[in-house]
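S.K.: Same order as they appear, the protein sequences are chains H and Z. Under the working numbering, the first residue of the first sequence is numbered 1, with each subsequent residue one higher. Under the working numbering, the first residue of the second sequence is numbered 1, with each subsequent residue one higher.
Hints are computed from structural coordinates only; laboratory data are not their basis. No residue lacks a Cβ here, since even glycine has one placed at the ideal position from N, Cα and C. Any given hint could turn out to be false.
Unchecked claim - Just the calculated beta-carbon pair ranges, DEER-fashion:
1. T341/Z to N261/H: 21 to 31 Å
2. L348/H to A356/Z: 51 to 61 Å
3. F429/Z to F337/H: 36 to 46 Å
4. Y338/H to A356/Z: 23 to 33 Å
5. I318/H to L441/Z: 53 to 63 Å
6. P344/Z to T322/H: 24 to 34 Å
7. G153/H to P344/Z: 37 to 47 Å
8. L277/Z to I318/H: 36 to 46 Å
What the hints assert, rightly or not - Covered, in the sense of this in silico footprint (three residues per stretch, anywhere, with C-beta under 8 Å from a C-beta of chain Z), are these stretches of chain H:
9. 81-89
10. 152-166
11. 248-259
12. 265-272
Stated by the list, open to error - Partner residues aside, some chain Z positions facing chain H, computed with beta carbon under 8 Å:
13. V423
14. L453
15. P485
16. S487
17. V488
Here is how the chains run, residue by residue.
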Amino acid sequence: MPPEKINGSQAVLLLVITIFATVILFLPGISASYAGQDAWISLLLAAAAAAVIALTAVSLGRRFPEKNLFEYLEIMLGKIPGKLVGVLYLCWFLYIAAALVREYGTFMIPIFFRQTPLVVLAAAGVAATAYAAYGGLETLARANQLFFPVIVGASAVLFGLALPQMDVVNLLPVLEAGPVSIIKGSLAPLSWFGEIFLISVLLPYLNRPEQARRIALTSILIATSIFELSVIGVISIFGPSVTSSYLLAFLNGVRMIHIANFIERLEALLMLIWILSAGVKLSMFYWATALGSAQVMGLKDYRPLIPPVGAAILALSIFNYTSVMDLLNFTATVWPFYALTFELAIPLFLLAVAAIRKIGGKPPCPGR
Amino acid sequence: MFRLSRTFPKRRQVNSGAAGQDTPEWQDLGLSDSLDKNIKMLKDTFANCSDIVFRQFALAQNEDIRLALIYTEGLTDKNQVGDQIMRTLSLELPAVISGERIKKERALELIKQRGLCIHKINETNRMEKVVDAILSGDTVLLVDGHATAIINGSRGWAARAVEDSVIDRLVRGPREAFVETLGTNTSLLRRKIKNPSLKIETTKIGRVTRTDVAVAYIQGIANPKIVEELRRRLAKIDIDGILESGYIEELIEDNPLSPFCTINHTDRVDKVAAFLLEGRVAVMVDGTPNVMSVPALFIELFHNPEDYYQRYIFSSAIRMLRIITFFLTLLTPALYVAFTTYHPELLPTSLLLSVAGQREAVPFPAFVEVLIMELTFEILREAGIRMPQPMGQALSIVGALVIGEAAVRAGMVAPATVIVVAVTGIASFTFCYTATITLRLIRFPLLLISGTLGLYGLGAGLFVLTIHVVGLRSFGVPFLSPLAPLSVEGLKDTAVRAPWWAMFTRPALLGGKNIQRESPGLKPDPPQKRRK
């Protein structure tokens, strides 16, 4: 297998879409239910905290150039404990992938496919992304360069068309919710932002690893700008209380678009955004899971593991939640702590271990 | 690790060695200095070949210096053989050297120096070369007492004249297209690029057909690695015959399993010249007007030579139109099926009512309806290409009236379906023919998946398609560059064409070192601005 390399902008786009896919589904609802019209402040807080996660991941990775998460876990913690933590991370990756499949499946069925069983949609999604995971990171990064303008362009069109429905007064008064609620509202977005931790698997593939820090921060910056616009847009259409009552506030926002009796029902455009971004994110985690499993098991090539990993994602996506309410409840209450353990707690611990045991070279800083 | 190859070992390759049984015995022989022996050898080689002519005569008045001319009838220019070889050797040479006795040893030198009025002469002492020359239309002159044959360039056969291009049509620009003769094709190319850096390397491929294959590139502009890679892939070919460039195409392409063609082919001279100037390498095969060039890029499927001759604003608009028609061809049937079957609620109300009203009486589901009509259209299209020309009118009457009008009147298909199929069909003709046949094929899986999973399936299908296309390479160059991987400078010649004064560089991803195309500051400005 030739060594795959991606450049800085490809990495940024991949990371942005990885965050985007989940956030675009849930975001304003969950944050607004805590922080009301101040959900956008929660989002800013989340972004700031996500920067810490990203920097932790980067400084961990920079100690072990050319090695990804699963490889340096073994160096750092020893062979067996390293593999164990690696397996934990794999479970988490698998969970993210499965949850994504379930979320999209569950939400698409009542909107677009009233009679299609969930497993059919999930299987089609997993099959399509299996092909992407098989193609490898370089292919995915290039495909994403094509998807990104489509996704962002379609979002911008929707935002533009929804402008007549917006009323910025809905955002007032600022800071009504109080700091605690705002922080509570930022937990869920933080856990999604924190999936930027995926960069610890991407690092060895960067053609200029010294850009890693800039890549991580740029991704967060771009993602935050997109989300801020969307959150402000949705809240100023519906106001905080209605927003928090919607499962899929963006969808309802899109449904508000009525222009000239012809430009209406643009859900198809939203579906395009969903499919492409979810496809990229799922492919990323699918690929990372297969790659990580191969490394934990000591295989040279990850490709033979693609079918079993796909089967696991598919099965888990059906079993992991009993209902939509279960999914929402889990996502709002349990998920942030589950995710933050892997995104922040363990990496910080690892960083401390590395510093104390003095393993891993100081990151080389050419040109600085 | 799983290893399929271990469980299912590969079948042994058939005769993996080279040439083998097809190599004739004359391959490695040299000529002898006896004319009779040489002629016997050639006659044995050409036994039962009634088109090979052996003509023996004597030099001037010297009966002892016997000569033999061997050529293939119909492949040589009769006037040249008669006037400029035989006439000069037997009649005109004596006038020049009257009375002088010619020594046998000097005969060859004398013939070469003064005896032949032929523009191109080669010498050889290998049987292989002699046989090749005879079969290629050259005339071979053997002189008694010399183990050397003189090969006279006297090729001339019935060939099609240079005509208008059939594949790429345009309004403004040169009309001439390549023909079946390699020599004519290289000359057409040379007339466009009058520079010694234009290299044309010829090899023979095909054990039986011994077809001339020329590799053309511009030294200093083309990436030497790509030239070398092409030479390597061509050298690997070991096949009995090459009858068309398609044989070679399938043997050297990067992605043999993909429906996408990652090698350009065209019969336009100006297009190939432009490709060479961008640093690409062309492969010309004797016997076909189709010239291939590598590396190919996806975006070129939407390009036409005329884009570079028209004013850039108009060209850019036309290119965007072609990109729209690309998506129309690919998606219209699939979208129609997905919307009418799965997502009627996503259509604006008035449009929905109109379509639903038409489809009410139709006995088929939308998917079957569209599939039938698409297949019918494909049949018509294929019939249009294959049928004898005088039948054209009958086909258009049957096609247009019976299938379009009558099917709708009879309530078999909805008028909207006919519109969808017609739009798809016409749109598919606006861009490069290679793309057309690929798209015709891909349309059907997309139609099938949107008939089973609606828009979601279509989205998933497009996702997979994109992943597939970005993974393709053409001689090491990503097929989708300069879009992915992105190259901003390269974008000047993609969906838009930048004016010539702004396209400073050649496509950098092709990998050539010398990428400067023009000097900066060529943008014309009106005279009054120049005043200080």
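S.K.: Tell me whether the statement that chain Z covers the region 81-89 of chain H is true, taking a Cβ distance below 8 Å and needing three residues at minimum.
M.R.: Contact hint for the region 81-89 of chain H vs chain Z: violated, 0 residues under 8 Å.
S.K.: Can the suggested window of 36 to 46 Å be confirmed for the beta-carbon pair F429/Z and F337/H?
M.R.: violated (59 Å)
S.K.: If you check the beta carbons of G153/H and P344/Z, does the distance land in 37 to 47 Å?
M.R.: violated (26 Å)
S.K.: Let's test the interface hint: is any C-beta of chain H closer than 8 Å to that of V488/Z?
M.R.: V488/Z check fails; min Cβ-Cβ to chain H is 10 Å, beyond 8 Å.
S.K.: Is the hinted range of 36 to 46 Å satisfied by the C-beta distance from L277/Z to I318/H?
M.R.: violated (57 Å)
S.K.: Quick check: do three or more residues in the region 265-272 of chain H have a beta carbon closer than 8 Å to a beta carbon of chain Z?
M.R.: holds (count 5)
S.K.: Holds or violated: P485/Z as interface residue toward chain H, Cβ cutoff 8 Å?
M.R.: Holds - the Cβ of P485/Z comes within 8 Å of chain H, reaching about 6 Å at its closest.
S.K.: Against the range 21 to 31 Å, how does the distance between the Cβ atoms of T341/Z and N261/H compare: consistent or not?
M.R.: Once the Cβ atoms are compared, 25 Å apart, the range 21 to 31 Å for N261/H and T341/Z holds.
S.K.: State whether the coverage of the region 152-166 of chain H by chain Z holds or is violated, taking the criterion as 3 or more residues with Cβ-Cβ distances under 8 Å.
M.R.: With 0 residues in contact (Cβ-Cβ under 8 Å with chain Z), the coverage given for the region 152-166 of chain H is violated.
S.K.: Closer than 8 Å between Cβ atoms is the bar; does V423/Z clear it against chain H? Give me holds or violated.
M.R.: violated (19 Å)
S.K.: Quick check on a hinted range of 23 to 33 Å for Y338/H and A356/Z, using CB atoms only.
M.R.: violated (47 Å)
S.K.: Would the hint on L453/Z stand, with a C-beta cut-off of 8 Å toward chain H?
M.R.: The hint holds - L453/Z has a Cβ within 8 Å of chain H, the shortest such distance being about 6 Å.
Hint compliance for this structure: hints 3, 4, 5, 7, 8, 9, 10, 11, 13, 16 and 17 are broken, all remaining hints hold.
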